[in-house]
Amino acid sequence: MQGNSLRRGSVAGLPAGSGSALPALLLVGLFFIVPVVALLLRSVIDPEPGLQNYAALFGSGTYVRVFLNTFLVAAVVTAVTIVVAFPVAWMLAIMPPALGSIVFGIIILSMWTNLLTRTYAWMVLLQRTGVINRALMGLGIIHEPLPLINNLAGVTIGMVYIMLPFMILPLVGTLRAIDPMTLRAAALCGASPFEAFRRILLPLSLPGIAAGGLMVFVMSLGYFVTPALLGGTSNMMLAEMIAQTVQSLLNWGLGSAAAFVLLVVTMALYAIQLRLVGARRAGGGI
Amino acid sequence: MKLILTGLLAGLLTATAAKADEMAFTSWGGTTQEAQTKSWAAPFEASSGIKVLQDGPTDYGKLKAMVDAGNVTWDVVDVEMDFAIKAAKDGLLEPIDYAVVPKADLDPRFSNDHAVGSFYYSFVLAWNKGAVPGEPAGWADMFDTKKFPGKRTFYKWSAPGVIEIALLADGVPADKLYPLDLDRAFKKLDTIKSDIVWWGGGAESQQLIASGEAAFGQLWNGRVFALQQDGTDVGVAWNQNLTAADVLVVPKGAKNKDSAMKFLATATSPAGQAKFAEASGYAPINTKAKAEMPADAVKALPDAHVEGQINLDMNYWAAHRDEIATRWYAWQTK
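Order-wise, the sequence lines are chains A and B.
Here full-length UniProt numbering is used: the first residue of the first sequence is 1, the next is one more, and so on.
Here full-length UniProt numbering is used: the first residue of the second sequence is 1, the next is one more, and so on.
Be careful, since some hints might not be right.
[What the hints assert, rightly or not] Okay, derived cross-link-like pairs now, DMTMM-like style, lysine to aspartate or glutamate, Cα gap no bigger than 20 angstroms in a straight line: (1) B/Lys146 with A/Glu144; (2) B/Lys193 with B/Asp175; (3) B/Lys64 with A/Asp46; (4) B/Lys62 with A/Asp46; (5) B/Lys64 with A/Glu195.
[As the list claims (entries may be wrong)] Between beta-carbon pairs, the in silico distance windows are: (6) A/Thr129 with B/Ala319: 54 to 62 angstroms; (7) A/Gly29 with B/Ala174: 55 to 63 angstroms; (8) B/Ala319 with A/Leu139: 53 to 61 angstroms; (9) B/Thr37 with A/Pro97: 38 to 46 angstroms; (10) B/Asp144 with A/Leu115: 56 to 64 angstroms; (11) A/Ile45 with B/Gly200: 46 to 54 angstroms; (12) A/Ser20 with B/Asn315: 57 to 65 angstroms; (13) B/Gly70 with A/Leu204: 42 to 50 angstroms; (14) B/Asn315 with A/Thr113: 40 to 48 angstroms; (15) B/Gly70 with A/Thr113: 17 to 25 angstroms.
Quick caveat, the hints were computed from the structure, so don't treat them as lab data.
Note that the structure is a prediction, hence the values are computed from the model and not measured.
For glycine and all other residues, C-beta sits at the position ideal for the given N, C-alpha and C.
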């Protein structure tokens with residue numbers, strides 16, 4: 001079907017560039033569509049044909065709990081990421097371009113450092129005998145080490161750190177597009193800085209927050225390394241559970257079913273994101 | 001791009017592994033695999049002229065995938081005994097050719113038709129001397145948060161060990177452990193659940209104890225041995241040490257089966273086992289090996305602590321693997 005419409009498209013005289021989409025489509029077909037179909041098949045035929053894997057998935061308190069926890073973690077991470085990213089993005093948006101590009105470079109650079117290395121660094125920083133707890137105890141601020149790792153706090157800190165660039169980038173784009181004169185006008189009309197933020201900056205930056213937020217949320221849903229290392233077992237996320245089911249229990253049918261459900265949810269969220277971003281584009285013409 | 005590269009790489013590996021003068025050995029990485037390379041692969045390469053490619057870490061999912069797909073790139077794999085029993089039942093393993101692998105001196109506890117012992121280890125109670133007041137004497141102390149406050153660390157995955165420890169701590173006699181009373185074990189584990197930090201791999205267990213993040217825990221004796229070699233102030237209680245074995249298996253359809261069997265003969269020989277045991281602190285499964293080891297090295301082995309030693313029942317675990325795992329993860333995530 002896809003091949004047909006493509007050929008028809010080229011006959012209809014689309015720009016020559018569209019021919020180069022074919023390798024990309026082949027790649028997507030080979031490395032995405034085929035495995036996904038295989039995944040779906042396995043979830044309904046392994047160990048025997050039927051929907052028993054899905055029944056087991058939704059009937060098991062463990063899986064349902066892990067599902068809910070996955071969404072909880074993703075939501076908390078997204079919320080905290082937005083709060084942390086906003087001032088950074090605003091600073092980047094109003095900074096002189098030369099300085100801005102340096103700060104930008106630092107943020108991007110952190111993304112290129114190996115994920116596992118960064119996660120291990122957080123383990124060292126956050127543990128009971130880690131740098132943060134030692135410093136706080138040395139300063140006399142606390143007397144007992146804070147529980148910063150093997151719990152939701154640890155997962156949140158580690159994941160927010162990793163997700164920040166994905167929130168900052170779309171936000172900066174949106175914030176840069178806001179005319180600084182609107183804020184000056186608000187101040188001239190007597191609005192306090194907070195009022196100006198609440199009634200002008202925040203509403204105007206909502207599309208960026210929505211786009212970044214959904215991206216972070218969707219990415220968080222499938223996260224593996226960081227929650228596995230910084231979280232406790234009661235914060236287990238779905239990706240880790242799937243890995244266990246497949247690698248340790250060799251129950252590929254059940255693992256496939258769980259992976260497929262996660263994929264469907266992720267795709268649905270991605271569709272919402274496209275809609276929101278699309279809506280913004282449509283509205284941007286006014 | 002990465003996928004293409006991985007594909008190419010897999011193709012290359014397949015092509016090379018199929019050559020008669022090469023074979024692939026897969027283990028868990030780290031100090032254990034280094035010792036295996038030095039003690040088994042190096043002498044085997046020298047005597048047979050067959051090159052041993054190292055791969056890892058062991059991944060049961062990957063092993064099954066290879067056999068299912070009929071494209072097996074691993075020839076010898078180091079796995080846990082309970083997995084080997086289950087995998088043999090599921091048809092994932094080649095039978096061991098005991099015409100090539102001399103059987104007479106192998107400890108019968110750790111070898112069967114489809115697996116031959118790699119080494120055996122003990123779970124021991126280890127503690128950070130700076131973080132624990134006094135000396136915990138046994139597993140019961142790991143559950144006594146009044147006498148011994150602080151975090152304790154246990155093996156995270158559903159595997160032989162923690163359930164048995166909980167039952168022993170609750171007063172079940174060692175010879176009455178099996179069949180495992182799961183209700184009782186989880187009830188006992190509930191009492192210290194908020195004090196447990198889990199370790200997922202050997203290096204993590206060492207880090208937790210060495211840093212004092214966990215005051216004490218259930219560790220593989222070889223990991224404690226390595227910590228002590230590094231000069232970390234770690235105490236160890238051998239009382240009720242729990243033994244289990246790693247075994248070497250040949251995946252069904254391995255391309256270099258003949259070389260694999262010859263490799264197994266070298267790995268399980270008295271010399272191969274003695275060298276590995278000396279380097280790792282894990283015990284040899286060849287009964288003649290200890291005679292070839294220095295007296296100091298023998299003292300570090302679980303063999304020196306047979307009194308009160310408990311054999312984890314791998315056959316029981318192999319038979320009840322899935323059922324225990326389901327309850328284990330349900331309890332953990334609660």
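Going down the list of hints, with the structure as the test:
With a C-alpha separation of about 17 angstroms, the suggested pairing of B/Lys146 with A/Glu144 holds against the 20 angstroms cut-off. For the hint linking B/Lys193 to B/Asp175, the alpha-carbon distance of about 26 angstroms lies beyond 20 angstroms, and the restraint is violated. A hinted pair counts as satisfied when its Cα atoms are at most 20 angstroms apart, and B/Lys64 with A/Asp46 qualifies at roughly 14 angstroms. Taking the CA atoms of B/Lys62 and A/Asp46, the gap is about 17 angstroms. The hint holds against a cut of 20 angstroms.
For the suggested pair B/Lys64 and A/Glu195, the alpha carbons sit about 61 angstroms apart, so the restraint of at most 20 angstroms is broken. As the Cβ distance of A/Thr129 to B/Ala319 is approximately 41 angstroms, the hint placing it in 54 to 62 angstroms is violated. Separated by about 58 angstroms at the C-beta atoms, A/Gly29 and B/Ala174 satisfy the suggested range of 55 to 63 angstroms. The hinted window of 53 to 61 angstroms between B/Ala319 and A/Leu139 holds, with their beta carbons roughly 56 angstroms apart.
At about 54 angstroms, the CB distance of B/Thr37 to A/Pro97 disagrees with the hint of 38 to 46 angstroms. About 39 angstroms separates the C-beta atoms of B/Asp144 and A/Leu115, a value inconsistent with the hinted range of 56 to 64 angstroms. For A/Ile45 and B/Gly200, the Cβ-Cβ distance of about 31 angstroms falls outside the hinted range of 46 to 54 angstroms, so the restraint is violated. For the pair A/Ser20 and B/Asn315, the beta carbons lie near 60 angstroms from each other, so the given range of 57 to 65 angstroms is met.
A C-beta distance of roughly 59 angstroms is found between B/Gly70 and A/Leu204, which places it outside the suggested range of 42 to 50 angstroms. Hint check: B/Asn315 to A/Thr113, Cβ distance near 47 angstroms, so the stated range 40 to 48 angstroms holds. At about 39 angstroms, the CB distance of B/Gly70 to A/Thr113 disagrees with the hint of 17 to 25 angstroms.
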